[in-house]
Amino acid sequence: MKSDIILAGVGGQGVLSIATALGKAAVEGNLNLKQAETHGMSQRGGAVVSHLRISDTPIASDLIPLGCADLILSEEPMESLRYLPFLSKDGYVVTNTSPFVNVPNYPDAKKVMDEIKKLPHYVAIDADAIAKKAGNVRAANMVMLGAASPFVDIEFSLLEDGIHAIFDRKGEDIVNMNLNALRAGRDFAEKNR
Amino acid sequence: MQKQLLLGVESISQGAIDGGMSGVYAYPGTPSTEILEYVQTSPVAIKRNLHRKWSSNEKTAYESALGMSYAGKRAMVCMKHVGLNVAADAFINSSITGVNGGLMLAVADDPSMHSSQNEQDSRFYGNFAQIAIFEPSSQQEAYDMAREGFSFSEKTGLPVMLRITTRLAHSRAGVILSECQDENKGSLPKDDHQFVLLPAIARKRYKLLLSKQSLLKELSEKSCYNKYIPGKDKRLGIICSGIAYNYLMENFRDGECPYSILKISQYPVPEKQVRKIDDECDEILVVEEGYPFVEEKVRGLMGRDKKIKGKFDGTLPRDGELSPDLVGKALGHSISSGMSIPDLVVSRPPALCAGCGHIDLYVAMNEVMASYEKGHVFADIGCYTLGALPPYCAINSCVDMGASITMAKGASEAGLFPAVAVIGDSTFTHSGMTGLLDAVNENSNITVVISDNESVSMTGGQDSSATGRVESICAGVGVDPKHIRVLIPLKKNHPEMVKVFQEEIAYTGISVVISRRICIQRAARMKKIKK
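These protein sequence lines are chains A and B, in that order.
Last residue of the first sequence? That's 197 in our numbering, and every number before it is there in order.
Last residue of the second sequence? That's 532 in our numbering, and every number before it is there in order.
In isolation and in its complexed conformation, chain A is listed as follows (with noise of 0.2 Å):
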């Protein structure tokens, strides 16, 4: 098995929280990993990027190789088209609808929403009304990584232990809004894959 992520958003949305909560339940499930983060001067606002690989064989590169990506799971939905050389024939893209606007140019939404209903297999999500539905708009991140869920061979209760592990010394209220982020995520994406 083998799965390789693009996650994708902006310099502070969190997608490096995404990626740790990926590689831990990866790590438990015995699987090698490598994982590629941005740090330093884009984490400003810029346009950042980390490539996860996760595998039950010996992993050579730390970057994905073009076209390559069985899913490119973005924060921001003019950030999930950045990426998409680095996608496969058969890849999904699963984004958050949400635009992060912090440059003056930034395209028209609704095309940027065009161009991603133009893809074979994608996922447009609006992380943020489901986060809050969920309890607290700040899961958000955790209804992406649910998202994800249906398109990485993880099992569902290595994320619901990594969950655990992150939010259990914050209390049980805080454990269970996230754990109903992940679920809500993952019963989305199930409906509109």
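The set of hints was computed from the structure by calculation and includes no laboratory data.
We put the beta carbon where it would ideally sit given N, CA and C, even for glycine.
Worth double-checking, as some hints may not be accurate.
List of simulated lysine-lysine pairs, DSSO-like, C-alpha gap at most 30 Å [claimed, not checked]:
1. 6(A) to 330(B)
2. 28(A) to 330(B)
3. 174(A) to 532(B)
4. 492(B) to 28(A)
5. 136(A) to 531(B)
6. 174(A) to 528(B)
7. 529(B) to 174(A)
8. 191(B) to 228(B)
9. 48(B) to 174(A)
10. 4(B) to 174(A)
Every beta carbon over 12 Å from chain A, so not counted as near; a handful from chain B, in silico [as the list claims (entries may be wrong)]:
11. 35
12. 191
13. 192
14. 228
15. 302
Since the structure of chain A is already known, use the hints to place chain B on it.
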């Protein structure tokens, strides 16, 4: 055995701790920053109370590490590639003094200039100093090399360089840890002249360094990190170093490369193995991240008629970082890219955070500078360099740490008026103070703006050596206290800021305007910690 998920940089930190390190010295710089940060939070490092505070710059860091080595303990010093320019004096001379306790320099290069102003290759510095260089291809090798680096240094009597590039620095993988060694007890050098580089002594020490070169070569040829992997197809032999090995193997997913491979992760270049691949293979492809360092060496070792493909003949690009696809192309493989990027996607460069004090500073400065033609503001390295981009377009230079003050000084001596320097607090104590002294000594007609956010922000908000000291440093260097002005960069203070800038520009002589408001990211983090 314990397996941990670690970044390349963290693997170096953990390896150094487990190798019996007594202290780490560094100045923050992407992609090297997390090496010291990891040590700051390591339970073992805290329990052992290893030295783990930031230094004012890479030179002071290097010299402190050398002092720890003098006292017989194991020390690591970390920096980004351009930091080694700052530390170069200490670094080059440390190969002449040699070491007492093990001394390791971890340096992180940034090909593609993700967060840097150039992409210089530190291996040339290692070669210049004539010491051993280690270049890991994986997080595990980074850990092992850092752990064994100190004993290698003690055995050879020389400092060692551990060189990584951005991708490995910031890529995570599982690392198997070995047992944690004890620290050295500490001891003075046996020869009390070892560290005294008077010419008569330095000549002897240099001869000693030269005499060790054959040992270093032999250790490279025997190193477990340098591997010759024979292949069936002798038409091509591939020499690759560091992370390039991973990109090469990605192109042979079953793990079987038909060509012979020489993987180099320890320098000097292992000549025996280079001769072997030369003898056995018709053509050679050299794959390395950075400048064509190995390629140059290999060209010197092989016959003039040998076809060597690499960065010189354009098989691989001269600039930027490598990728599995670039290496695939060099091998003649066809690369099947996915869909192309739609035209409507625009670039999203980094930007100053909303609410950042640098913004209020630039808004006020731009209003004042609008009365002059463009091209009077010399800036420096930090978040405020983003003031070069729209909507501010407020600065006209960014060259190296501290250059703002001295370039403004030189320009004013060429007749430029006004000449304004913009420098951050940490950059000021890193390399701006001596330039300010030059300006004071000549009473240069420049206005120095120190944008003090009480933090090293671009690299993630480390403690700044300048915090609480900026006014006293300026006064101590000799700036007239009447012309050391302090402002709080806030919208409501805009009229006052404009007035102060106008007054200080009008003043003939050196003046310093300190624009001080804490970095909003740092303020948010501190609030979180308090909670």
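Non-conforming hints, listed in increasing numerical order: Numbers 2, 4, 8 and 11, in rising order.
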